[in-house]
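J.: Residues per chain are reported as follows:
Number of protein chains: 2
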Amino acid sequence: MKFRCAVVMAVLAVTVAAAAAVPASAAAPVYDADGRLIPPSDYREWIFLSSGLDMSYRARGGDDMHMFDNVFVKPEAYRAFQDTGTWPDQTVLVMEVRGARSKGSINKRGQFQTTEGMGMELHVKDTARFAGGWAFFAGDGNGPAAQIPFQAECYSCHREHGAVDTTFVQFYPTLLPLAEKKGTLSAAYLKDKDGAEAAK
Amino acid sequence: MKFRCAVVMAVLAVTVAAAAAVPASAAAPVYDADGRLIPPSDYREWIFLSSGLDMSYRARGGDDMHMFDNVFVKPEAYRAFQDTGTWPDQTVLVMEVRGARSKGSINKRGQFQTTEGMGMELHVKDTARFAGGWAFFAGDGNGPAAQIPFQAECYSCHREHGAVDTTFVQFYPTLLPLAEKKGTLSAAYLKDKDGAEAAK
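Chains Y and S are the protein sequences, given in the same order.
Residue numbers for the first sequence follow the working numbering, beginning at -6 and rising by one.
Residue numbers for the second sequence follow the working numbering, beginning at -6 and rising by one.
Derived from the structure by calculation, the hints contain no laboratory data.
Bear in mind that the values here come from a model prediction, so they are computed numbers and not experimental data.
Please note: incorrect hints may appear among the correct ones.
The list makes no distinction among identical chains, and a pair is therefore deemed to hold if it is satisfied within one copy or across any two copies.
Stated by the list, open to error - Here are the computed lysine-lysine pairs in the DSBU-like style, where the Cα-Cα straight-line distance is at most 30 Å:
1. K174 - K96
2. K184 - K174
3. K184 - K101
4. K175 - K96
5. K175 - K101
6. K184 - K96
7. K174 - K101
Please work from the sequences and hints to get the whole structure.
T.: Written as C-alpha cells, this is what we have:
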C-alpha cells in the first residue's frame, strides 16, 4: 500500500455491510459492529517499512501541496515476512499521511514531516473475512476506518502491480531483496518490466 | 539528528583516540577497541521517528541528487521519552540515508525510497564517555562508525538549535507535542522564533 485511492473521498460515505467480528487473538485486526476497522493505537511503535513524498501513479497535478506517506506493519507480520518472503494472515499495514514543509527551524531546502496528520489508510489481510484475502480501509486516524468497496481501483491496481501478495513491496526497500531471495515476487510484478526495475 | 554534517567526509579519516569500553548492558551502545561505534544490526526494528527528503540547512545546491533520511531510536529510549519528554542515558539515534527515485513501477511523481543505502549517522548519549553527554558517529552502515570530532559543526548546531537535549525533536512530529507538554523544550529552541514555528 503506497497510493491513496483517488476514489477514497467519494466512497467513504458508502455504507459497508459487514457483521461485527470477534478477533481471533489480541494481535488480530479489530472491527466495530458496522465492519469498520479500529485503527491500532500503537502503530507508531510498529515496524517502519518506508516513506514517500508526493508519490502518485498520475503524472499530473498536486504540485502545490506536499505530503509524506509513512508505512508501518505489525511486528508479527514483519517477522513472518523475514522468514517466508510473504505476508501471514491477519497482517495489518498502516499508511499514515502527514504534512510536509520545507522551511522551518534551521531547514532551508527539501521537505520534513510536520505534526499535521492528513489521514490514514489500512490494508488488512483477513482471509476468513474478505474474498481475495485483503481489504482497504480509510479514515482520519482518530476513529474507526470505513472499508473501501472492493470495486475501487486500489484493489485492481494492487492485484495487477503489487510485488508480493497484492502489496507494493517494490517500494519497501528492506523487503524487496528478501522477496527476491525467497522467490515470492508476483507474476504480475515480474512481467511488468517497469516494475521489475523499480527500487534498484 | 536530521542533518548530515557537511564536514563528515573531511573528518572521517581523523583518528579518534578513545579506549575500548564494556557496555553496561546489552542495550548499551557498543564500541570497538578504536572507539568506533558498532552500528546496531536491528535498527530497522527500532522506533521510527521521521523521514525527510533532501533536508538541508544550506539554501543552495544538491538539486540533482535526492536522498531520504530515516531516523530510528532505540525502543527503551523512545519509551523513556514518552514518560519524561527527554532522552535517557545510552540513547542511540540512527539516521539512515537512502536513495530517492521518482519513476519506477507505477509511480510517476514524487519520490520513493530505493534499496540504495547511502550512509549512516548515529547520535549517542553516553554521559560517562563523552563530555557534553553526546557524540556523533558516521559510517556506511556496514561496519564500525568513526566518531565525528567534537569541533565539527554538527555539535554546535545541535547545541544551538536542537529542541530537546541537543536533538532535533522539532523534526520528529510525534515527539514535539510531547516535549511541549512535558516542558522539556530547550531554551535555545524557544528563543529561536523560526524554530518555535517549525513543524506546526
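J.: Could you figure out if K174 and K101 sit no more than 30 Å apart (CA to CA) within one copy, between two copies, both or neither?
T.: between (40 Å within a copy, 27 Å between copies)
J.: For the identical chains here, do K175 and K101 meet the 30 Å Cα criterion within one copy, between copies, both, or neither?
T.: Between copies only: 28 Å across, 42 Å inside.
J.: Are the CA atoms of K184 and K101 at most 30 Å apart within a copy, between copies, both, or neither?
T.: between (42 Å within a copy, 19 Å between copies)
J.: Between copies, within a copy, both or neither: which fits K184 and K96 at Cα up to 30 Å?
T.: between (42 Å within a copy, 17 Å between copies)
J.: Classify it for me, K184 with K174: is the Cα-Cα distance of at most 30 Å met within a copy, between copies, both or neither?
T.: within (17 Å within a copy, 52 Å between copies)
J.: If the cutoff is 30 Å on CA atoms, where do K174 and K96 land: within, between, both or neither? Let me know, please.
T.: between (41 Å within a copy, 24 Å between copies)
J.: Could you place K175 and K96 in one of the four classes (within, between, both, neither) given a Cα distance threshold of 30 Å?
T.: between (43 Å within a copy, 26 Å between copies)
Violated hints: none; the structure is consistent with every hint.
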